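Visitor: Listed below are the residues making up each chain.
There are 2 protein chains.
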Amino acid sequence: MTAKSDKARPTPAPPVITGRTAIIAGNGSLPLAVADGLRQRGQSPFLIAIKGEADPELLARKDAEISIVELGGLIRILKAHDIANVVLAGGVRHRPEFSAALKPGNGNLSALFRFLRAFRLGDDGLLRAVIATIESYGFRVVGAHEIVPDILAPAAGVLTRKKPDREGGANIAAAKVAARAIGALDIGQGAVAIGGRVVALEGVEGTDAMLQRVADLRSARRINRQGGALVKCAKPQQEVRADLPAIGVSTVENAAKAGLSGIAVEAGRTLILGYRETIAAANAAGLFIETFDQEAG
Amino acid sequence: MTAKSDKARPTPAPPVITGRTAIIAGNGSLPLAVADGLRQRGQSPFLIAIKGEADPELLARKDAEISIVELGGLIRILKAHDIANVVLAGGVRHRPEFSAALKPGNGNLSALFRFLRAFRLGDDGLLRAVIATIESYGFRVVGAHEIVPDILAPAAGVLTRKKPDREGGANIAAAKVAARAIGALDIGQGAVAIGGRVVALEGVEGTDAMLQRVADLRSARRINRQGGALVKCAKPQQEVRADLPAIGVSTVENAAKAGLSGIAVEAGRTLILGYRETIAAANAAGLFIETFDQEAG
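Line by line, the protein sequences give chains L and A.
Heads up: the first sequence begins at 617 in my numbering, then just goes up one per residue.
Heads up: the second sequence begins at 617 in my numbering, then just goes up one per residue.
Possibly wrong hints are sitting among the right ones.
Copies of the same chain look alike in the list, so a pair counts if it works inside one copy or between any two.
Restricting the straight-line Cα-Cα distance to at most 25 Å, the calculated cross-link-like pairs of lysine to any residue (SDA-like) are [stated by the list, open to error]:
id	residue 1	residue 2
1	Lys778	Val856
2	Lys873	Gly822
3	Lys873	Gln828
4	Lys667	Asn840
5	Lys667	Gln842
6	Lys779	Ser752
7	Lys667	Ile691
8	Lys873	Ser683
9	Lys667	Glu893
10	Lys873	Asp781
11	Lys873	Gln656
12	Lys779	Arg834
13	Lys873	Ala836
14	Lys678	Val757
15	Lys779	Asp671
Since the hints were made in silico from the structure, they are not lab data.
Keep in mind it's a predicted model, so treat the numbers as computed, not measured.
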């Protein structure tokens, strides 16, 4: 990815990654962006597609494929291909049925999943446990943003020609409080506010489905107020090496279809996938994109 | 309404209501239940349907019709028909566009709406302001549950043959925390948890649409875990004379379609519309309905 901004933005120096890196690839464009970032450094990434999640373009280039609950199989693949580093990249749309992880052949890992099941961990707890397990086998888990640092949303400011007006600011403020509250409960990372009021909260359905819901509520005239803002932010307890909130061109397009005025995301802990294209899409649609600091109210 | 329970439950004595009572009727079956309750006491209720909200059965029996923003017109109707008491009953699906309230003819009330708009009050603030305005003209605003007390969810306990198992209890606990959090933010009153995790939060779309979303996520195999619970509870700052959370037969049917195991609602601050029919529907579908105390975790 060669993300360049309409405005100048400093790009942090990429960290030194030694040894071969495996990308465990969920859906979306992030896994291929990470793969391209590694290739630009002369490295040859090992692409492991998650069954039922990875995009067709990635499936065409995959080196291996695993089921999301086959942690045992994953470790074997990593060892067999002399992997040093692991990147968890992309979304996972399908919640695993953990009883599938208890089938014979998953060996001692079934104990892990029994543990997870017993304690009913949320996404965040589950991710931490998966990362800890991979690391316990001697692999280094790195964040996608450590490979392609320019995908992180830049420091607080407006990235588009359009700026949020007073009502836009009120929408951002209201949606931010809600997004943080549901993030603290490890439920979701996004909220939409219109007319200063939160109208939709993101659960398992994801951001695009939430934006479609807002569009439907507008069509049904159950929301009559114009404008509105989508806010996405990381959870307070966010594991930054996986599952960072992300926006991209499709987010901008769906926000426009939902009649929103713009999008605000947390600086440094949100990914902008395809930065130049995303900002261009927002400028073309007349939407604002703003970033805000983690600490600021 | 002649709600009778499968189990014995004490019915509080109805309060003394003197003078004619007007019912400002939104959607759902509550307005007619209140009307029937008043008739059983020998009173003749005055039915005012909210345009675009009231059900066909109510529209057939209405005495007057108003737009939700015509507070000026409402006061004139109440005065003209010698009304003493006002009940706000039923849901309002369509958020008003407050600029419509600023049109000529709404007189001094436009000041109220300008005020509301300026301060971007939530549902709760808006309801309080509407109630305060109606009372400032000398009318008494009473809650629907003061007319038909047996529609309130009874004291904490299981109302159905089926009881929540351990997983059901974990789902109720998780959804309760989420429902209270979004209630405190004046966003919504309901949440669904499956496998101990919250998967859907209720915004403007309402409970039935949220349950449909859960059913869709299951069809798409994005939720694979069985069971789940819907929780509804009042906001901490709830104005109990309007907008109490409600469940009824359709809620039970939609929860069953979403593959849930049951429903939990807050005792004393949630309405069960058609108590006997609702419990019978839950028993027929094999769902539990449980009530919990406001204070208990």
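Visitor: Please go over all the hints and tell whether each is borne out by the structure.
Guide: Hint check:
1. Taking the shortest alpha-carbon separations for Lys778 and Val856, neither the intra-copy value of 29 Å nor the inter-copy value of 42 Å comes in at or below 25 Å.
2. For the homomeric pair Lys873 and Gly822, the shortest alpha-carbon distances inside one copy (16 Å) and between copies (21 Å) are both at most 25 Å.
3. Taking the shortest alpha-carbon separations for Lys873 and Gln828, both the intra-copy value of 8 Å and the inter-copy value of 22 Å come in at or below 25 Å.
4. Proximity of Lys667 and Asn840 under a CA criterion of 25 Å is satisfied inter-copy only: 15 Å between copies versus 41 Å inside one chain copy.
5. Only between protomers do Lys667 and Gln842 lie at most 25 Å apart by alpha-carbon distance; the minimum there is 21 Å, versus 40 Å within a single protomer.
6. In this homomeric assembly, Lys779 and Ser752 never come within 25 Å of each other (Cα to Cα): the closest approach is 47 Å inside a single copy and 42 Å across copies.
7. Taking identical chains as interchangeable, the C-alpha atoms of Lys667 and Ile691 lie at most 25 Å apart only when both belong to the same chain, with a minimum of 16 Å there against 62 Å between chains.
8. For the identical chains of this complex, Lys873 and Ser683 are neighbours neither inside a copy (34 Å) nor across copies (29 Å), given an alpha-carbon limit of 25 Å.
9. With identical chains, the CA atoms of Lys667 and Glu893 are never at most 25 Å apart, being 28 Å at best within one copy and 45 Å at best between copies.
10. Taking the shortest alpha-carbon separations for Lys873 and Asp781, only the intra-copy value of 20 Å comes in at or below 25 Å, while the best inter-copy value is 43 Å.
11. For a Cα distance limit of 25 Å, the shortest separation of Lys873 from Gln656 qualifies neither inside one copy, at 36 Å, nor across copies, at 50 Å.
12. Taking CA atoms no more than 25 Å apart as the test, Lys779 paired with Arg834 passes inside one copy only; the shortest distance there is 23 Å, against 39 Å between copies.
13. In this assembly of identical chains, Lys873 and Ala836 lie within 25 Å of each other by CA distance both inside one copy and across copies; the values are 14 Å within and 23 Å between.
14. Taking the shortest alpha-carbon separations for Lys678 and Val757, only the intra-copy value of 19 Å comes in at or below 25 Å, while the best inter-copy value is 66 Å.
15. Taking CA atoms no more than 25 Å apart as the test, Lys779 paired with Asp671 passes in neither setting, with 34 Å inside one copy and 43 Å between copies.
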